[in-house]
Amino acid sequence: MTTGYEPLDRPKPVAPDIWIVDGPAIRFYGMPFSTRATLVRLADGSLWVHSPTRMTDELADRVAALGAPAHLVAPNWIHYAYIADWKARFPEARTWAAPNVARRAARHGLDLAFDHDLAQVAPPAWAGQIDQMIVRGSTVHREAVFFHRKSRTLVLTDLIENFEPRKLPRWFRWIPKLVGVADPDGRMPRDMRATFRDRDALREDVGRMIAWAPERVILAHGRWYDRDGTAELRRAFRFVLD
Numbered sequence: 001m002t003t004g005y006e007p008l009d010r011p012k013p014v015a016p017d018i019w020i021v022d023g024p025a026i027r028f029y030g031m032p033f034s035t036r037a038t039l040v041r042l043a044d045g046s047l048w049v050h051s052p053t054r055m056t057d058e059l060a061d062r063v064a065a066l067g068a069p070a071h072l073v074a075p076n077w078i079h080y081a082y083i084a085d086w087k088a089r090f091p092e093a094r095t096w097a098a099p100n101v102a103r104r105a106a107r108h109g110l111d112l113a114f115d116h117d118l119a120q121v122a123p124p125a126w127a128g129q130i131d132q133m134i135v136r137g138s139t140v141h142r143e144a145v146f147f148h149r150k151s152r153t154l155v156l157t158d159l160i161e162n163f164e165p166r167k168l169p170r171w172f173r174w175i176p177k178l179v180g181v182a183d184p185d186g187r188m189p190r191d192m193r194a195t196f197r198d199r200d201a202l203r204e205d206v207g208r209m210i211a212w213a214p215e216r217v218i219l220a221h222g223r224w225y226d227r228d229g230t231a232e233l234r235r236a237f238r239f240v241l242d
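Quick note on our numbering: the sequence shown kicks off at 1 and runs consecutively.
Quick caveat, the hints were computed from the structure, so don't treat them as lab data.
Honestly, I wouldn't trust all of these hints.
List time: in silico DSBU-like cross-link candidates among lysine-lysine, alpha-carbon distance up to 30 angstroms [claimed, not checked]:
#: 1; residue 1: 167; residue 2: 177
#: 2; residue 1: 177; residue 2: 12
#: 3; residue 1: 12; residue 2: 150
#: 4; residue 1: 167; residue 2: 12
Input sequences plus hints: build the corresponding full structure.
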């Protein structure tokens with residue numbers, strides 16, 4: 001299935017030492033979701049991999065040419081499906097999980113033993129290079145967000161989705177508008193927004209993301225923002241900032 005973000009399964013440069021990999025679409029609630037991983041080369045030359053996408057032989061070779069993957073990150077309770085495939089290809093890599101990831105994987109019959117839990121502050125492995133936090137306020141959705149200082153790039157997963165209707169099959173094009181995740185006004189999906197009962201906590205954490213002053217915001221689904229990142233955050237989260 002084409003996604004509109006071809007070529008797939010290959011690193012594409014975003015800025016020095018940071019790449020995205022657009023993967024194939026997956027079905028979620030029947031709708032095709034484009035997928036996207038983010039790779040960062042750390043100061044020691046190793047790679048940090050966020051929300052790994054489908055692994056292929058060609059992708060493995062292209063990734064290895066950039067550096068050795070050392071950290072495989074499952075940033076929320078939905079984005080973990082390909083961690084095991086990457087771990088099998090790069091067995092020296094350490095695996096990191098956001099809250100609820102391991103429990104959901106086990107419930108779906110996947111035996112994933114993560115090496116580390118993600119916390120509110122970056123671990124020594126990437127402290128000073130990539131800032132992080134677990135966004136608070138939801139009764140269900142606990143997502144780790146990351147800020148690559150060198151490139152001033154914020155890396156999100158599902159807190160903002162920005163589907164381009166023209167890139168979806170015709171019979172699905174109405175869904176993003178209904179759910180509130182259609183480009184150019186992509187936002188947090190309405191069903192996810194309803195789980196954020198503690199709006200003060202969410203507002204505080206969005207404020208921290210804005211304070212990072214990102215130039216870019218990479219999203220897992222749909223068109224990401226290659227410029228005006230801080231303004232896009234203010235727009236997308238206006239429901240909690242206004």
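Quick rundown of the hints versus the structure:
For the suggested pair residue 167 and residue 177, the alpha carbons sit about 14 angstroms apart, so the restraint of at most 30 angstroms is met. Distance hint between residue 177 and residue 12 is fulfilled; the C-alpha atoms sit about 29 angstroms from each other, no more than 30 angstroms. Of the pairs offered as hints, the one joining residue 12 and residue 150 holds, with about 17 angstroms between alpha carbons and a cut-off of 30 angstroms not exceeded. Only pairs whose Cα atoms come within 30 angstroms are accepted, and residue 167 paired with residue 12 is accepted, the gap being roughly 20 angstroms.
In terms of the numbered hints stated before, the structure departs from none.
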